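Student: Here the protein sequences come in this chain order: D and H.
Going by the numbering used here, the first residue of the first sequence is number 21, and it counts up by one from there.
Going by the numbering used here, the first residue of the second sequence is number 3, and it counts up by one from there.
To be clear, the hints were calculated from the coordinates, so they are not data collected in a lab.
Remember, it's a predicted structure, so these values are computed and weren't measured experimentally.
Even for Gly, the Cβ is constructed at its ideal location relative to N, Cα and C.
Treat the hints with care, since some could be wrong.
[Claimed, not checked] Not the full set, but computed from the structure, chain H residues with beta-carbon under 7 Å of chain D:
id, residue
1, 360
2, 480
3, 485
4, 494
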Amino acid sequence: MYEFSELGWLKHVIFHPVEGYDDLRWKKKGSMKISMVIVLLLFVAMVVNRQLTGFQFNGSYVKIFNVVPLFVQSIVYFFTWVIANWALCTLFNGEGTIKRICIYSAYALVPYIVGTFLSVFISNFIVSDEIVWMNVIYYVGLGWSVVLMIQAIRTVHQYSFPKTLLSIVFTLVAMLVILFLLVLLISLFQQVYVFIASIYTELTYRFRG
Amino acid sequence: MVSRMKKHIKNIISVGLALSITVAMSLTAYAGEPYVSYNYDAWGDAIPSQSGYRVDETITGYEMELDKLADPKSDLFVSETEPTNLSGASDIFYEKNTKEFWIADSDNDRILRTDSNLKVIGCYKGVSNSQTSVDAETGLSTFSNPTGVYVNIDKATNKPVFYVADNKNARVVKAVAESKNSAKCMFEYTKPDSELYANASRTFNPSKILVDSAGILYVVVSSVTTGAVVFSETGEFTGFYGANRVEQTAAVIRQAIWRKFASNEQIASMTRNVPVEYANFDIDSEGFIYTVTEAANASTDAVKKLNPAGENIWNTATGNEYEFGDLPEFADCDTSKYASRLTDIVVGDDGIINLLDYETGRVFQYTQDNDLLFIFGTKNGTSDQRGTFTAPNGIEAIGEKIYVIDGKKNDITIFVETTFGKYVHEAAALYEKGLYEQAIDPWNEVIKRDGGYSLAYYGLGKAYLNTGEYDKAMENFKVSVAKSSYDRAYKYERDDFLRANFTLIIIILLIIIVAIIVLRKLFKKGIIKMPKLKKKPEKEGK
Chain D
21 MYEFSELGWL KHVIFHPVEG YDDLRWKKKG SMKISMVIVL LLFVAMVVNR
71 QLTGFQFNGS YVKIFNVVPL FVQSIVYFFT WVIANWALCT LFNGEGTIKR
121 ICIYSAYALV PYIVGTFLSV FISNFIVSDE IVWMNVIYYV GLGWSVVLMI
171 QAIRTVHQYS FPKTLLSIVF TLVAMLVILF LLVLLISLFQ QVYVFIASIY
221 TELTYRFRG
Chain H
3 MVSRMKKHIK NIISVGLALS ITVAMSLTAY AGEPYVSYNY DAWGDAIPSQ
53 SGYRVDETIT GYEMELDKLA DPKSDLFVSE TEPTNLSGAS DIFYEKNTKE
103 FWIADSDNDR ILRTDSNLKV IGCYKGVSNS QTSVDAETGL STFSNPTGVY
153 VNIDKATNKP VFYVADNKNA RVVKAVAESK NSAKCMFEYT KPDSELYANA
203 SRTFNPSKIL VDSAGILYVV VSSVTTGAVV FSETGEFTGF YGANRVEQTA
253 AVIRQAIWRK FASNEQIASM TRNVPVEYAN FDIDSEGFIY TVTEAANAST
303 DAVKKLNPAG ENIWNTATGN EYEFGDLPEF ADCDTSKYAS RLTDIVVGDD
353 GIINLLDYET GRVFQYTQDN DLLFIFGTKN GTSDQRGTFT APNGIEAIGE
403 KIYVIDGKKN DITIFVETTF GKYVHEAAAL YEKGLYEQAI DPWNEVIKRD
453 GGYSLAYYGL GKAYLNTGEY DKAMENFKVS VAKSSYDRAY KYERDDFLRA
503 NFTLIIIILL IIIVAIIVLR KLFKKGIIKM PKLKKKPEKE GK
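The shape of chain D in the complex, shown without the other chains (with noise of 0.2 Å):
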């Protein structure tokens, strides 16, 4: 059948959203270094489109620029999307493991990456008459997205089409409940710190006299 490089693969994924996944899964390929630096890539369109959209359709407070936001809005959730549907689709029958849902979903955000650089990318050479442009790049790009995730889903853990949808929607809440834990188990921690910091300073005291 096919022989790619990896690159090839990442092309022949996206450019064949039916039977993409079905070829790389049949081959076993999909590399996790790609996946990773799409991933980061997620993270640096995130930041691009906040910084350096043109000024006329930059609506962000250029005042301050915090970087954590984007980094969990991009890289922390895609993690959470990763860890939620695996722990999800292993108990409902997904034959996926945790490596290959990891691989086949970062593959899956190609577009909407291309689709953010694209549009920021022109966003600077338009004026507001013509952010028809800019706009239907973005959700070109953002769609495609969409149903390369609904087929990398389907193809990981071999689900007919509604189950992968019904699948989605419930890693989607498990999604809210790990991260509804985490930020619980950091506040948690924060308190445990932030006792341990004053018996450490309470002590110094005492011994410095």
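Given chain D's structure and the hints, the job is docking chain H onto it.
Tutor: Then chain H, alone, in the frame of chain D:
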């Protein structure tokens, strides 16, 4: 020993630092305004700004020479017991032709008339020729808590004709000033017995009044929520003018939904949602009436500019944003949150609008385009500093001066514009007339004094847009975060660029197309080969 030396040096350094800091602080503590001047930047954040106005002087009854009223030797003598101070003064009016101030000294039940330096030249305790609330001794129909005053000059006799909102006597008096302390009543506007005014229980206690150039009288009555009560020139009640709308709060919307399902009996028992009446108004030279609503944090119809038909020109629904007073998110130096309560409005020269906030004692100055120019004045609990207010009741603007009358401190504070303020006003006036290029110099002077004044950058941007210096315009619009204007400048800039470099662009495009065709041909013939990516060796044998 060494450690002790170190400690010594440390002490000396720290004492030195502390000293230098205190010296520096004492140097900055010169006599300025008793508040921090601020303005809003393009993001809606409050930022420190230069003062546009400074406190010039405060005028009390002493400076007004009100003791003349109780001095038998003076020609202004009224009576021995006449109060020599203001008390609860609630309105100040400037008559432009004769350059006189008229002050409603409410708690002393009198109208004061002063010259342009606020020296008293007349006092009216009441009017003759009227039967309402006649004083047994003097035979005058006395005022009782007059809260509003408006003055015209009678063109025939050249005598001032003044209107008084005689609050407790439930009437508006139109009187002609015969001499320094006697006035003859010309007409009395009382509670209309018209069907339209309806409701016998509805009171008629006028608080503020206004007369337009046609002699039509507008009266703000605190119990009337359907707008100002209007009387024709002949004194007939003709209707209401420019009512506020009901503010769409969650409670109002909820009740509107409930009404759909409720029975008639239930509806009858519900409270009615009526709009808030406005607190004060002013009229400009073109006959537009500006109203202000004092309700706390009113977002609907807080400030309106009404055309003669009673329609609001500053209508947010038409697509423009109109915001007045402090922005709700803004937290002052003291962190307590407060609600703006705009109590008076006055339109000064060049259509500049001054709003007085009762809650914070601040004056907000706007252009006709709703661009904020300055914020000045403050409220102070101890109220012993100049430029602070306890109960700011009225505001008047004459030329470069702003007069604020305080009903508890019983004084009048005069603000005068600073050099910075002068440049801003000059530039804003030119800008308003559309003379953008001429406004460049004053705007630059403004930026020299306050680099954070974003209206100046916007004005400069407009000017450069007109002169065709689009790159400069873009730069200035960027600083003032004016996106749509930036967009326009960028469009012209891009058009210029394309026009100038059209041939170059076409040539480059042609070269690229030719190159692609040639390369393709070469590929096909196999003269050059595609560099191939190295294939990874398969990890698992199948």
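Student: Against the earlier hints, flag every one the structure doesn't satisfy and list their numbers going up.
Tutor: Hints 1 and 4 not satisfied by this model.
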